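**Q** Here's the letter readout for the chains.
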Amino acid sequence: MTESLGTASEMREALASGRTSSVELVEGSLERAQASASNAFVGLRAEAARAEAAGADARRANGDVRSALDGIPVALKDNIAVAGEPCGCASRILEGYASPYDSTAAARLRAAGAIVVGRTNMDEFAMGSSTENSAAGPARNPWDPERAPGGSSGGSAASVAAGIVPVAFGSDTGGSIRQPASLCGVTGVKPTYGRVSRYGLVAFASSLDQIGPFARTSADAAAALEVIAGHDPRDSTSLPDPVPPYADALDGDASGLVIGLPREYFVEEGVDPEVLACVREAVTELEKAGASTREISLPHTAHAIATYYLVANAEASSNLSRFDGVRFGLRADGRGLSELYRKTRSEGFGPEVKRRILLGTYVLSAGYYDAYYRKAQQVRTLIRRDFEQAFAQCDLIATPTAPEAAFRIGERSDDPLRMYLSDVYTVSASLAGICGLSTPCGLPGGLPVGLQLLAPALGEPVLFRAADAYERRTDWHARRPGEGS
Amino acid sequence: MSFEPVIGLEVHVHLKTASKLFCRCPVRYGTDPNHQVCPVCLALPGALPVLNRRAVELAVRMGLAVGGSVNPRSVFARKNYFYPDLPKGYQISQFEEPLVSGGAVPVALDGAEPREIRLTRIHMEEDAGKSVHGEWERADESHMDLNRAGVPLIEIVSEPEIRSSAEASAFLRSLRAILRYAGVSDADMEKGQMRCDVNLSLRREGSDTLGTRTETKNLNSFRSVEGAIAAEMARQAEVLDEGGEVVQATMLFDAERGTTHVMRIKENSDDYRYFPDPDLIPLDLDPEWIHEVRAALPELPESRRARFESELGLSAGDARTLTESRTLADFFEAASAAHGSARTVANWLVRDVASILKEREGSIEDSALEADAFAALLGLVDEARVTARSAREILEVLVEQGGDPEALVRERGLEAVSDAGVLESAADAVLAENPEMIERWRGGDKKVLNFLMGQVMRQTAGKADPAAVREILARKMES
Numbered sequence: 147m148t149e150s151l152g153t154a155s156e157m158r159e160a161l162a163s164g165r166t167s168s169v170e171l172v173e174g175s176l177e178r179a180q181a182s183a184s185n186a187f188v189g190l191r192a193e194a195a196r197a198e199a200a201g202a203d204a205r206r207a208n209g210d211v212r213s214a215l216d217g218i219p220v221a222l223k224d225n226i227a228v229a230g231e232p233c234g235c236a237s238r239i240l241e242g243y244a245s246p247y248d249s250t251a252a253a254r255l256r257a258a259g260a261i262v263v264g265r266t267n268m269d270e271f272a273m274g275s276s277t278e279n280s281a282a283g284p285a286r287n288p289w290d291p292e293r294a295p296g297g298s299s300g301g302s303a304a305s306v307a308a309g310i311v312p313v314a315f316g317s318d319t320g321g322s323i324r325q326p327a328s329l330c331g332v333t334g335v336k337p338t339y340g341r342v343s344r345y346g347l348v349a350f351a352s353s354l355d356q357i358g359p360f361a362r363t364s365a366d367a368a369a370a371l372e373v374i375a376g377h378d379p380r381d382s383t384s385l386p387d388p389v390p391p392y393a394d395a396l397d398g399d400a401s402g403l404v405i406g407l408p409r410e411y412f413v414e415e416g417v418d419p420e421v422l423a424c425v426r427e428a429v430t431e432l433e434k435a436g437a438s439t440r441e442i443s444l445p446h447t448a449h450a451i452a453t454y455y456l457v458a459n460a461e462a463s464s465n466l467s468r469f470d471g472v473r474f475g476l477r478a479d480g481r482g483l484s485e486l487y488r489k490t491r492s493e494g495f496g497p498e499v500k501r502r503i504l505l506g507t508y509v510l511s512a513g514y515y516d517a518y519y520r521k522a523q524q525v526r527t528l529i530r531r532d533f534e535q536a537f538a539q540c541d542l543i544a545t546p547t548a549p550e551a552a553f554r555i556g557e558r559s560d561d562p563l564r565m566y567l568s569d570v571y572t573v574s575a576s577l578a579g580i581c582g583l584s585t586p587c588g589l590p591g592g593l594p595v596g597l598q599l600l601a602p603a604l605g606e607p608v609l610f611r612a613a614d615a616y617e618r619r620t621d622w623h624a625r626r627p628g629e630g631s
Numbered sequence: 044m045s046f047e048p049v050i051g052l053e054v055h056v057h058l059k060t061a062s063k064l065f066c067r068c069p070v071r072y073g074t075d076p077n078h079q080v081c082p083v084c085l086a087l088p089g090a091l092p093v094l095n096r097r098a099v100e101l102a103v104r105m106g107l108a109v110g111g112s113v114n115p116r117s118v119f120a121r122k123n124y125f126y127p128d129l130p131k132g133y134q135i136s137q138f139e140e141p142l143v144s145g146g147a148v149p150v151a152l153d154g155a156e157p158r159e160i161r162l163t164r165i166h167m168e169e170d171a172g173k174s175v176h177g178e179w180e181r182a183d184e185s186h187m188d189l190n191r192a193g194v195p196l197i198e199i200v201s202e203p204e205i206r207s208s209a210e211a212s213a214f215l216r217s218l219r220a221i222l223r224y225a226g227v228s229d230a231d232m233e234k235g236q237m238r239c240d241v242n243l244s245l246r247r248e249g250s251d252t253l254g255t256r257t258e259t260k261n262l263n264s265f266r267s268v269e270g271a272i273a274a275e276m277a278r279q280a281e282v283l284d285e286g287g288e289v290v291q292a293t294m295l296f297d298a299e300r301g302t303t304h305v306m307r308i309k310e311n312s313d314d315y316r317y318f319p320d321p322d323l324i325p326l327d328l329d330p331e332w333i334h335e336v337r338a339a340l341p342e343l344p345e346s347r348r349a350r351f352e353s354e355l356g357l358s359a360g361d362a363r364t365l366t367e368s369r370t371l372a373d374f375f376e377a378a379s380a381a382h383g384s385a386r387t388v389a390n391w392l393v394r395d396v397a398s399i400l401k402e403r404e405g406s407i408e409d410s411a412l413e414a415d416a417f418a419a420l421l422g423l424v425d426e427a428r429v430t431a432r433s434a435r436e437i438l439e440v441l442v443e444q445g446g447d448p449e450a451l452v453r454e455r456g457l458e459a460v461s462d463a464g465v466l467e468s469a470a471d472a473v474l475a476e477n478p479e480m481i482e483r484w485r486g487g488d489k490k491v492l493n494f495l496m497g498q499v500m501r502q503t504a505g506k507a508d509p510a511a512v513r514e515i516l517a518r519k520m521e522s
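Those sequence lines, one after another, are chains A and B. Sequence positions in the first sequence follow this note's numbering and run 147 to 631. Sequence positions in the second sequence follow this note's numbering and run 44 to 522.
It should be emphasised that the hints constitute simulated quantities derived from the structure, not laboratory data. Don't take each hint at face value.
[To be verified] Simulated crosslink set (DSS-like; lysine-lysine; CA at most 30 Å straight-line): (1) A:489 <-> B:173; (2) A:500 <-> B:309; (3) B:309 <-> A:489; (4) A:521 <-> B:309; (5) A:500 <-> B:260; (6) B:173 <-> B:260; (7) A:500 <-> A:521; (8) A:489 <-> A:500; (9) B:173 <-> B:234.
[Said to hold, decoys possible] Short derived list, chain B residues pointing at chain A, Cβ under 7 Å: (10) 88; (11) 89; (12) 115; (13) 125; (14) 127; (15) 131; (16) 133; (17) 314; (18) 322; (19) 517.
Fair warning: this is a prediction, and the values are worked out from it, not measured in the lab. Ideal Cβ placement from N, Cα and C applies to all residues, glycine included.
Just chain A, with the same shape it has in the complex (with noise of 0.2 Å):
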């Protein structure tokens, strides 16, 4: 079996260098994939990808190098649409559904050469932080198959973190990208709301959702991101700004950068001590780095949980109901209307995804709306101004990314309150729309945990200066899975 040459950049300079080409990129991609228990992909699609890759090659070969990802495979979550592929977003309900079109990222990660190798394993619609929650069985997490890579971009994230393919892409509505960045020992980037166009992005919370890059170093993250970036005038919510070249701007210096230290993230309930020792300890390489730190508040913290299940399970049962077994996808035997309707959605949503259309349901309906919905935008508008006033006096803010370790594969199937505060550290920076990063920073136990760190909008430059300082300061981001603690 091929091994992997690691990295985007190592790999860009193996290509760039004619040590490697495409086709052996891809094709060591798609053996792993087939060889890794990791259970982290839904569909391969080896035959696309080869052409693709042979493609590359013949277009490098004659000079014309489109940018960083040019040639190099990577994975793309369930939930974004490549045309001619399945889409399945991990669900029974998308049984036989190939989506005609391309999403904004996928047509753009095609533009740059990008390879994609196949689709990514998660949480059915993205509803869940361990990658159980799926048609296609969990995934597994390198680091223990008998535990969670986290989720709901459990796949992408395994993916990356088992050496399958260099980047993947998935999205965060809550956490979806950094919580299991930071149970793999990947580094993942939650963009600011409107970086990424969602045209295509099989919606779960629409004011939420976002697509993001997972990889081995943030100079790989930042340089995945530039690719899929940017105005999109498919999709109203897209910021107009231009992207700037977050890769350029890495030099491995943190100072005059002010970390800001939430003291409601760092109290010891809920959260296994030694998590907050690495981030702790985390803090104390970038302070090294030159950025000093100081303690801020973010007040309304306690009611982000509540805040964001109200918001997203309300967007998420409205965006849901497209699925009905009309135009596309499974479509159970009904006598009349309403048979086809309740067959259709009980054979084809899992019980995560029902239980949170249900609630949004709920909280959406006349005579509940006050109480539930607007006063969660109310409370969200308070959250979004915690940020506001923090990031006055800090240009971040440093947090642990998720309150444990990976869990074991079951351990919390029958709770989904517990579940849903795997969630407790990432949710207000969604509700906010700002942008954050969980990069490696520590190794307790043998599993890895993630450093958070959050921006203002737009701040990605900042974000990804930061934890490519700290990586370089650090190995963590290069411990690999069986290469022992």
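Fit chain B to the given chain A structure using the hints.
**A** Here is chain B on its own, set in the frame of chain A:
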């Protein structure tokens, strides 16, 4: 017991845009099913709506045309319900914050004082697709045509101020005229571009207490609106007369039987779980832009009608007829300017041109008649170079194929005969054939002159100058 109806209308109108409200699919009528669709209007997973700015402009134009206030911020909301013709499982509409608040539509009924029906609001929304039932091999199959899904609509909601079916009809006609004048919609009810829901309750005459109302849905002609109102009034009156209570319900109108029947009872108000659509940002309008749209509005039917009466001296009836369509009113004004007498032009338009068009089932828009040619023809009549009867013949040619009236008169030999010798001998011949008429004339029966004139006209194939003939006949009989 005598009841008075309290009626409010909700009118759905297709905006005259080239493409749909949230995608680039063309809006075309009569194409094959599911041929004007894309990922967005099919609601494929991942597709997102993008607002059509042209639709906003047309909706704003309508809001200004009815004197409503255009809200600087309005919000698109999702109206959630399941139906196969609604691909997303929700309709994008506006709820708490509509585009336009207020406004009014003038109505004029024969024999009644003109009044205004106030509007509650105008909001934007997308149309649904169409279910087609039982047209395939299996009669129990239903199929969906989503060509119409996503076509831009405005919903115009009136206050419950309408008091009769005739007034409802007049409201709709007035609304249609404004829509067409302002270029907002063709508002062709036959094509489904304008559809109407009727909210109706009865109350005892003189009472201020409102009764329970019903909503009769999806009426697509003036006749069905009038019929549905009459039927629902009768049904509710019967219920009340028998001591029963009207139940809040959604009704369907059976046009063949002329009756309404309950489609479903509204036990509670329908719960559509409206909430702001997170895929769309609030619609913020620049006051400067609203001002520009207002400045670009054409003169509207009501002010034009008033001007035709006061400035041009037309009768109220003629003024109303001539302002029903903007093309007709424009034509009238151009012809009047070229001819000089608005009243003459109005007479000819309302009587002769209207009847020629009616015979041909055409309209001024698709006729070949041009205002200058029309004015020139009337000029020839004024100068007695052609008789009214011949002019009517030429008019038919002009409507059919256009042309130069003078040349047509010449080609067809329709110049009026005013040659005294020709007219004298024709008169002599007619009088010689009708000696008894001369007796009756001399006995004081002056009406015989009309008969005799008709005879002379017949002899001259209608080309005789009537004034000259009248004078010659009278002179000869007197002598």
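**Q** Next, verify each hint and record whether it holds.
**A** Structure-based check of all given hints:
no., hint, in the structure
1, A:489 <-> B:173, "holds (23 Å)"
2, A:500 <-> B:309, "holds (27 Å)"
3, B:309 <-> A:489, "holds (26 Å)"
4, A:521 <-> B:309, "holds (29 Å)"
5, A:500 <-> B:260, "violated (34 Å)"
6, B:173 <-> B:260, "holds (15 Å)"
7, A:500 <-> A:521, "holds (23 Å)"
8, A:489 <-> A:500, "holds (13 Å)"
9, B:173 <-> B:234, "holds (13 Å)"
10, 88, "holds (4 Å)"
11, 89, "holds (4 Å)"
12, 115, "violated (18 Å)"
13, 125, "holds (6 Å)"
14, 127, "holds (5 Å)"
15, 131, "holds (5 Å)"
16, 133, "holds (6 Å)"
17, 314, "holds (5 Å)"
18, 322, "holds (5 Å)"
19, 517, "violated (81 Å)"
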